[in-house]
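Enquirer: Residue-level listing of the chains:
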Amino acid sequence: DQQVKQNSPSLSVQEGRISILNCDYTNSMFDYFLWYKKYPAEGPTFLISISSIKDKNEDGRFTVFLNKSAKHLSLHIVPSQPGDSAVYFCAASAAGTGANNLFFGTGTRLTVIP
Amino acid sequence: KAGVTQTPRYLIKTRGQQVTLSCSPISGHRSVSWYQQTPGQGLQFLFEYFSETQRNKGNFPGRFSGRQFSNSRSEMNVSTLELGDSALYLCASSLRVSQDTGELFFGEGSRLTVL
Chain H
1 DQQVKQNSPS
11 LSVQEGRISI
21 LNCDYTNSMF
31 DYFLWYKKYP
41 AEGPTFLISI
51 SSIKDKNEDG
61 RFTVFLNKSA
71 KHLSLHIVPS
81 QPGDSAVYFC
91 AASAAGTGAN
101 NLFFGTGTRL
111 TVIP
Chain Y
115 KAGVTQTPRY
125 LIKTRGQQVT
135 LSCSPISGHR
145 SVSWYQQTPG
155 QGLQFLFEYF
165 SETQRNKGNF
175 PGRFSGRQFS
185 NSRSEMNVST
195 LELGDSALYL
205 CASSLRVSQD
215 TGELFFGEGS
225 RLTVL
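The listed protein sequences derive, respectively, from chains H and Y. My numbering puts the first residue of the first sequence at 1, with every later residue one more than the last. My numbering puts the first residue of the second sequence at 115, with every later residue one more than the last.
Please note that the accuracy of each hint is not assured.
[Unchecked claim] Here are the simulated lysine to aspartate or glutamate pairs, DMTMM-like style, with alpha carbons at most 25 Å apart:
| # | chain 1 | residue 1 | chain 2 | residue 2 |
| --- | --- | --- | --- | --- |
| 1 | H | K5 | H | D59 |
| 2 | H | K68 | Y | E217 |
| 3 | H | K37 | Y | E166 |
| 4 | Y | K171 | H | D1 |
| 5 | H | K37 | H | E15 |
| 6 | H | K56 | Y | E222 |
| 7 | Y | K171 | H | E15 |
Bear in mind the hints are in silico, worked out from the structure with no lab data behind them.
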């Protein structure tokens, strides 16, 4: 039972354009959402997060949007750079319940074409 | 500051055997979590330890177990290996039990192949 879903396994974008990665979740108890980036042969690294009390969080070229009513979040990367090519995982937690584990999506492989 | 260190990086076992994986968290981090990554399922939570106590457990059979030592280092064990246990096992450490930032620091993983 996949509680966090990334329905696009891959995405290709031209350098300089916007990359939009999408994520849907089913558990209404989730109150904290994160994006991780993973390069081959490396562990995932934290990218950006958002609490359920917000609908937008921005960090440089990366912005995460949260739509709680639709149980949907997205990661925008503007402008996209070749170094952004990686697998991006969406994750969620029900931190308010005291549970500390993250539920991850299956990932979206982003390829930024120079 | 050294990152999360996992050993071994690669290993091959046969069905029915057992395996022990080791994780050394970032210095000062007391929480260690383990995740299994497979192509079709993404990362799935195994368990989380804090101060030598298992705080949370995912939906995995009892063949999967773990422990944490007083120096925060952690081990996970899988007994009676099955082909489906072939995966990348990732360890992550964090500073706090409460993941209000949610920032986990992952190691590079231990890739287990079961033949």
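Enquirer: It remains to establish, for every hint, whether it holds in the given structure.
Expert: Evaluation of the provided hints:
1. With a C-alpha separation of about 23 Å, the suggested pairing of K5 of chain H with D59 of chain H holds against the 25 Å cut-off.
2. Restraint check: the Cα-Cα separation between K68 of chain H and E217 of chain Y comes to about 21 Å, which is no more than 25 Å; the hinted pair holds.
3. For the hint linking K37 of chain H to E166 of chain Y, the alpha-carbon distance of about 29 Å lies beyond 25 Å, and the restraint is violated.
4. Restraint check: the Cα-Cα separation between K171 of chain Y and D1 of chain H comes to about 16 Å, which is no more than 25 Å; the hinted pair holds.
5. The suggested pairing of K37 of chain H with E15 of chain H holds, with an alpha-carbon distance near 18 Å, which does not exceed 25 Å.
6. Among the hinted pairs, K56 of chain H with E222 of chain Y is inconsistent with the structure: their alpha-carbon atoms are about 30 Å apart, more than 25 Å.
7. Taking the CA atoms of K171 of chain Y and E15 of chain H, the gap is near 41 Å; set against the 25 Å cutoff, the hint is violated.
When each numbered hint is compared with the structure, violations occur for hints 3, 6 and 7.
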